[in-house]
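Undergrad: What follows is the residue order along each chain.
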Amino acid sequence: MSTEAGSGVKRRDFLKILGATGATTAVVGCSSEKVGKLIPYVTSPDNTVAGVSQFYATTCKECATGCGVLAEVRDGRPIKLEGNPAHPVNRGAICATGMSAMQGLYNPDRYRQPMLRENGTLSPVTWDRALEVLGQKLGEVKSRGGAGNAVFLNAHESGSLPGFLDQWLEANGMPAHLSIDSAAPAATIATNRAAYGVAWPAIDFNAASLILSFSADFLDAWGHRVPQQLDWADARAKLEGAPKLVYIGARRSLTGLNADQWIPAKAGSEMAICNAILGQGTVAAAATAADVPEATISALVAAVRGAGSGVLALCGMTSPDAVECGQMVAEINKANGSVGTTIKPAAAHAGYEGMASYLDLVDAVERMAAGNVPIAFVRNANPAHSMPAGAGFADAFAKVGFKVSFSSYPDETSELCDLIVPDNHWLESWGDAMVGADQRSLQQPTLEPVFDTRSTADVLLAAARADGTIASRFPQADYRSWLIANFAGGSSAFATALTQPTIAGSPVAARATRTAVSRPANAATGEGNMFVVVYPSATLGDGVGANKPWLQELPDPVTKIAWQSWVEIHPMTAKQMGVKEGEHLTVKTAAGEITAPAYPYMGVRPDTVAVALGQGHTAYGRFAQNVGVNAYNLVANGWDSAGNLAIGAMATVTRTGDHSPLVTTEGSARQHGRGIAQAMMAAALAGPDEDHGHHDIPGLASQEFLPGLKSPVAADAQGEMANPLSKDKGQYNPDHPTKAEARRWAMTIDLARCTGCSACVTACYSENNIPTVGASYQGRALSPVTWDERPGANILKGREMAWIRLERYYEGNTNTENEFSPDFEARFVPMMCQHCGNAPCEPVCPVYATYHSPDGLNVQVYNRCVGTRYCSNNCPYKVRYYNWFGYGETDRRQYAWPEPMHWMLNPDVTVRGKGVMEKCTFCVQRIREGENRARSEERELNADEFTTACAQACPSKAIVFGDAADENWSVAKLAYDRRAYHVFEELNTYTAVVYLKKVNHPAPAAPATA
Amino acid sequence: MQGVLGAFHELDTTCHAIEDLKKARLGDVTVYSPTIRHEIDEAIDAPNSVVRRFTLIGGLLGVSFGYWISIWTGDYWPLVTGGKAIASWIPYTIIGFEVMVLVGCLSTVAGMFINARIPRLTTTVGYDPRFSGGHFGIFVSCSADKASQVEALLQKHGAEEVRREA
Amino acid sequence: MTTKKKWTIIPGFLALAAAATLLSAYSGASSSQGKVVEQPVKFIHNPHVEKLGMNCLYCHSQAQKAMDPGNASVATCMGCHTLVKTDSPEIQKLTEYWNNKEPIPWNRVHKVPDYVQFPHMRHVNAGVTCQSCHGEIQKQGAAGVGDGYKPVEQYASLNMGWCINCHVQGYNPSEGARLAGMPDSVVQALKSEPVKKARYDCAVCHY
Amino acid sequence: MGTIAQPVDGLRRPNIASADVQIPAVTSYEQVDREIISTLGFTKKWLLGLGVAILAMLVGASAWIYQIYWGLGQAGYEPPVMWGVYIITFVFWVGIGHAGTLISAILYLFRAGFRTSIYRAAEAMTVFAVMTAGLFPIIHIGRPWKFFWLIPYPNWRLLWPNFKSPLVWDVFAISTYLTISTTFLYIGLIPDFAVLRDRETNPMRKRIYGILSMGWRNSDREWRHFAKAYLFLAAFSTPLVLSVHSVVSFDFAMALTPGWHASIFPPYFVAGAIFSGFAMVWTIAIPMRKWFKLEHYITLNHLDATAKVVLFTSMVVGCAYLIEFFIAWYSGVRPEQEFFWNRVFGQWWWAAWIMLLCNMALPMSLWSQKLRRNPTWLWFLSIFINIGMWYERFVIVVPSLSHEFEPWQWGGYTPSWIDMSFLVGSFGWFFMWFLLFVKQMPVMAIMELKEIVVPKRKHAHDGGHH
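Residue numbers (my numbering), protein chains in the order written: chain A, 2 to 1011; chain B, 3 to 168; chain C, 8 to 214; chain D, 559 to 1024.
Worth flagging that the hints you see were computed from the coordinates, not collected in a lab.
The model shown is predicted, which means the values in this text are computed figures rather than measured ones.
Idealized CB from N, CA, C, for every residue including glycine.
Check before you lean on any hint, since a few could be wrong.
Cut-off 30 Å, straight-line C-alpha distance, at most; resulting in silico cross-link-like pairs (DSBU-like, lysine-lysine) [stated by the list, open to error]: (1) K35/A / K118/C; (2) K49/C / K38/A; (3) K35/A / K100/C; (4) K704/D / K148/B; (5) K38/A / K100/C; (6) K38/A / K72/C; (7) K35/A / K704/D; (8) K1016/D / K25/B; (9) K42/C / K1016/D.
Have a look at the derived ranges for each label pair, beta carbon to beta carbon [to be verified]: (10) W899/D / T787/A: 36 to 42 Å; (11) H1017/D / R27/B: 23 to 29 Å; (12) Y78/B / S821/D: 30 to 36 Å; (13) Q114/A / Y78/B: 58 to 64 Å; (14) P89/A / Y65/C: 54 to 60 Å; (15) N627/A / G168/C: 34 to 40 Å; (16) P89/A / W899/D: 52 to 58 Å; (17) T49/A / F125/C: 19 to 25 Å; (18) K764/D / V36/A: 57 to 63 Å; (19) Y78/B / N627/A: 56 to 62 Å; (20) T49/A / Y78/B: 42 to 48 Å; (21) D892/A / A133/C: 38 to 44 Å.
Given only the sequences and the hints, what does the whole structure look like? Please build it.
TA: Next up, the structure:
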């Protein structure tokens, strides 16, 4: 710059420039995050370490089974439910419904405080006001002497609470409460009580050699699902000696798909089949009634005779003649002497004792309709949704003087009530459940109540103690002290008892005996061109689970449809009616009609359609409202001879012409020769192992690397042409000080055990903060101003996020459109990231967001991923999932955990933001936690010290995880089982997940083998 | 620098003028022409351009840098992807090739700029806008005493215009 | 100044700014090293650690058991300060918190991003001294709570390159001991110890 | 219809043009200057075109902002189809980019005569096509604000990109290609800027052209180094063209997806690129030739020669399709066979048939010389060819991803309104730059045109002696 005056950059300009550049550096340089807080305790509670989980044992109250559950509590709130390994009922397993209780606890739509109906609308009130109104109303009813006509409807549960309720009701001069459960197998309970004297005898699959299931879906939603599935899987794991299952029914349920043979008996023909088996009826009559070849029936009769005391006949029917059929089935067991070997009344499960029949409920509704019920209480039951429209519950309920609801959810029934006194969730309250005649499983709260709710028993105690006349009969102030009062050893013994899975003893107070209402059966099947089967959904039950996004997003184990109702119709019938998948069908029975998209399913008889219960809520919350249709509208208000709701009916099915795509996660249900789900006959197990025997083709993937499960990590793929410089293999060097390379995390999945129940999918959602994407507010924009509000819209675009999915491939019977044949097989394959040694997804990632760790994991680093999605394109298993929207970002419209549901997020796992790829990580946080704990205790990892969430929850114990390089781990032995194979071996990916072939058995009642 | 400038309109006359000037060796000759003409190049008979050396060095530098950065970063933080070697040189050949082309071309351009001495900030002596249009120009830088000889020679070869440049 | 010269200022300015940004991005200036954070109560480590010889785990009791070491509960402080130096204004502030049964809202000084899982217990149990990462904390507050008071500051850059260097080259126990103010004999003895290396692939800290 | 002029005796063959395709209607250097520079004036039609292009570009830009805010979910991606319109448009524009370099570099080495009058427009088209293509890798990734992680810059996290990934090769290939073709264009433009500087009257534009021409003086020293540098740039660009589109094809060939995993991809993509590139040259050159009245520069011989190249590359591409089907059948690998059956009769049969029609059937019309020399037919054919080529990439990307190894994850794909606005935006962006270029810089290389024009000579026949 020239220095003469007036020219060149003046000093002042220069300083200005310097200032500006300095400013930009400063702005960019220092990170201006706001300062975070480090809040200590005032006085730190004993034996709690902030950031380390505590496990509290409690009992699951989602259904009557009463599984033992460990609630993982982190910093004062449960974040996950796991099975209690020591509990005799579920032995460490837990089902999808059990785990989803978390979403019931933190449900954003729960009542947050008491509500009172003032001039027509329910408005929040304080607890004092609510108790005052309750006391005043009770006083009025008792003073006017109408207490004798009160009605208390409680969702059925075993344990001491029913006894307490009856004590309270009796004290107030009110009749005993009705313990109702519309999803329970009422007809089977009635026949069990008649035939074996107990509501639910123990079912021993291990002792059985031939199981006849008359629509008894013991792997779906019938009876005590988890213990049944545990025993079933253990029995089937005996491979050659496994019991054979014959499923007799009009619709092949999940249990049917696991059966060795399906006899598609026409609805109502079961009685004839039983007669044929017992020899009281002719085979020909049974064959014509069931519309099944005569040879099959005679083969069935011969097979039953051959099985002797190994026969286990179960009846799960709900048709008008269900009770009579149940008795005939019991006869079959007795005739073959299998009572005591396969059916054990002595070791009965006490879950269903004391359940009211449907007739009792109808009687109560009629009394309400007659207007002489002054006060009605409802707790956790939702008859407004789960009763046939014919019963007219809503109008009857309207005539009740004062309606009190203890339910904590705004479901259809509590919306009709005048006073809502929200109950604590079972994870927030004390209690117990009876799992055996003398086996009591205690229940303790795992956190301070999330909202301003109180346990019902405490509310009732408060009301009773406020009423001078009966205050003396209730000395204890709250339910806990009531439980402890009569507990041998007082509260200290009670505290230690809480840590036991079950304790001996009976409920504190017994249930009051009640004379069941009995009337002659009045169920009629009505008329129509097709039969309709209405069955409780395996995940949503009859509607209780509808407001939980995990259960809505979990595809139905059979049809793989989520967030929707559907009508199952046989492809042949669909073709005759000119109906394609997704076209709306109207199913009209005498009681009512529903319209839903058609789902061609070859597992129903051509003359039958099937609809699942559970959907169609008009209230209940953002995830359940106007999703699907309520199948109860199809059911008439009829009951069988034991007073239970009879569901079977005839219907006319018509096309409506409009169409909505099925929200399904299934691409194609056929393997197209890819060999993903492999199976072998049980007999072949005796023969030579031809798969892994000879090595005639060197380098053949299926033989070469199977024993060498350890992939050639870091061995140079180009062999000797490798770059000599790459000798420094970093941690992949076996003698690197960290010894990381010595380990090889692997997993085996036994397809012989897996029943396709999808509990592993929900366990993965719960452990790894996987977002649910199907809610109606999570769709994408169809145009700058309109959003796709359909429920399941994202799943229509194939964007579900389940890291592990349950694939259901069919075998056989490919000509389903033209001919009906029941002989097809379904194979279930849990498919997750295979953590391949030669992972195709790793070399294509441009930023090392995915690589192969020395201990055999295919790692996905969320904060390094830029989202090119090439890895998902290159993955032959398609197990990588992408965050299309900010499901994990709180300020997003598509946020997946509306407050307070984000409390259950696992703090050890990153919640992924938008634009990032995610996949199964073999629960790397559990591996780290195990390794950190081992290092803190200065020892090596013990064999089978920890496992992944899916393996832990699996009710079939089909998944085993561990270090395949260390032979003490059980996975190391299983990985070299003769049934072991890798999916897509020919792609040379060296997967770390080894599948064990499914073992098929010849159809027991096939004509050829009779 | 001063010298004589002659503007021609025809190609053959320009070539003859260049050859005579070369024989007469009166001063170094700069020829302006609107485009590349081989006739002029042969008349000038200048040595082959050195740009090719720049290209060679640039290319070799590029390929070695390409390989080096790939292998060094691979070894710096050894992460195995897809069972491939940490420093697997086969894919790195592509990087080597691309960087070879990049550095090769840029060094060629640099070579051209350096040798042709552009970008040129000062205006040049003896340049006339017509030489980028349709005319050829010959500029002979010589002392004043030889200038008249040069002018005569240019006139002889039919230069349209001859003038002295300061 | 000819218009030509004036025009060159703008590209010059841009070049300078770009250079500054790049340099700061690379030189780690984007870490919050040396960050000084004011605290509600002027706590001084020196008298506690150096003079009284209290172990770090007395207050940060979870350093061996959890990912985050946590901080002393108010009860721990009041264990001594119900009697010791109750006249000092800082202790009066502390007692006031204690009387209102209100936790002391300490400000967090060291923060790793939330996609990093930094397990304190793994490092503490491996023998890494606190001072290796938090600097000679025992000297903090030696100048009392007067005007010379300097609160706890972030000693290390806490950025990824700094962690990785320690994992790759290994932690030198004698250097850790020296920083922790251990006697020289211990420091010399530890010199013969091998360097402690650790795994440095991504899944160790990012999952 | 320009007659084919015989080479003028006594004159050395021009540096670049073979004798066969001359521009006899152009007689003098001054005429070249006058006619080429006349194309630079602003016209209302040009302003209208620019306005439309900018509007289209803004549609794309606003779609991008919307997508960055909401996330890629707004696009029509339907797993397993994780790549869609953006990658198809990326390969489409990179493909178009290659013809420019082919014409200006490879044909320069072949001394092809018809190159001279179309190579500048083609080279500019290359630069702008690659600029458009370069945007798409950033648009299609989930976290576009972190795209710089693909570049090996030193950072305090000590992390480097994975050089084994085809996407990092892409970054190197596309950025090298953009740099080299821009340099090649600019070096060729320097002498023309000198001409414009000397002819320009408006002082501001004269100053800008002066700076741009970097003080070029047409001296023999400069021409000598220029010729050598130009030759080497052309030499480097030739393998670069072939390598860049091969690297782009490696994005697919390196994956084991059925339908992608084939070693025919590099030549198949390069032939496709040249094919669609020449089509875009027609789309641009034919209207330009009419509106700028340059018919006597881009004569029908030129169009005839380019038509022969298009015919050739069309047959190569067609042959590649047939080879792919044969290899799939021959390999006996069931996923491959199903894929190719699915490509022509599956869910997107219409896309495959559009591709076959536009890329194989229609170009066969170029066998007839009458059609080869009919500009309006060539222009319509070019539009169809580019539609066909867009669908070729569609047929490669989408059907293969939707029907892969895992039948359970078979799915569909429907582009959303965001995808389409990006496609419109990319054309807007390309034509905006091209229209700006056409009015700021000469659409034909003035200095190279002068090279093939017969220079004035005093004695016509004896010429310079040797």
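Undergrad: Run every hint past the structure and note whether it holds.
TA: The hints, checked one at a time:
For the proposed pair K35/A and K118/C, the alpha carbon gap of about 11 Å is at most 30 Å, so the pair holds. For a cut-off of 30 Å, the pair hint linking K49/C to K38/A stands: about 16 Å separates their Cα positions. For a cut-off of 30 Å, the pair hint linking K35/A to K100/C stands: about 25 Å separates their Cα positions. Annotation: proposed proximity of K704/D to K148/B is violated, straight-line Cα distance about 68 Å (limit 30 Å).
Distance hint between K38/A and K100/C is fulfilled; the C-alpha atoms sit about 18 Å from each other, no more than 30 Å. The straight-line distance between the Cα atoms of K38/A and K72/C is roughly 21 Å, inside the 30 Å bound, and the hint therefore holds. Taking the CA atoms of K35/A and K704/D, the gap is about 23 Å. The hint holds against a cut of 30 Å. Our distance criterion of 30 Å between C-alpha atoms is met by K1016/D and K25/B, whose separation comes to about 22 Å.
Using a Cα cut-off of 30 Å, the hinted pair K42/C and K1016/D is violated, with the two alpha carbons roughly 84 Å apart. Judged by the Cβ atoms, the range 36 to 42 Å given for W899/D and T787/A holds: they are separated by roughly 38 Å. Between H1017/D and R27/B the beta carbon distance is about 26 Å. The supplied range of 23 to 29 Å therefore holds. Between Y78/B and S821/D the beta carbon distance is about 32 Å. The supplied range of 30 to 36 Å therefore holds.
At about 60 Å, the beta-carbon gap between Q114/A and Y78/B stays in the expected band of 58 to 64 Å. A hinted range of 54 to 60 Å for the beta carbons of P89/A and Y65/C is inconsistent with their spacing of about 45 Å. A C-beta distance of roughly 54 Å is found between N627/A and G168/C, which places it outside the suggested range of 34 to 40 Å. Taken as a hint, the range 52 to 58 Å holds for the pair P89/A and W899/D, whose Cβ atoms sit roughly 55 Å apart.
Hint check: T49/A to F125/C, Cβ distance near 21 Å, so the stated range 19 to 25 Å holds. The hint said 57 to 63 Å for the Cβ distance between K764/D and V36/A, and at roughly 59 Å that hint holds. Distance hint check: the CB atoms of Y78/B and N627/A are about 57 Å apart, consistent with the given range 56 to 62 Å. At roughly 44 Å, the beta-carbon separation of T49/A and Y78/B lies within the given 42 to 48 Å, and the hint holds.
Checking the proposed 38 to 44 Å range against D892/A and A133/C shows it holds: the Cβ atoms sit about 39 Å from each other.
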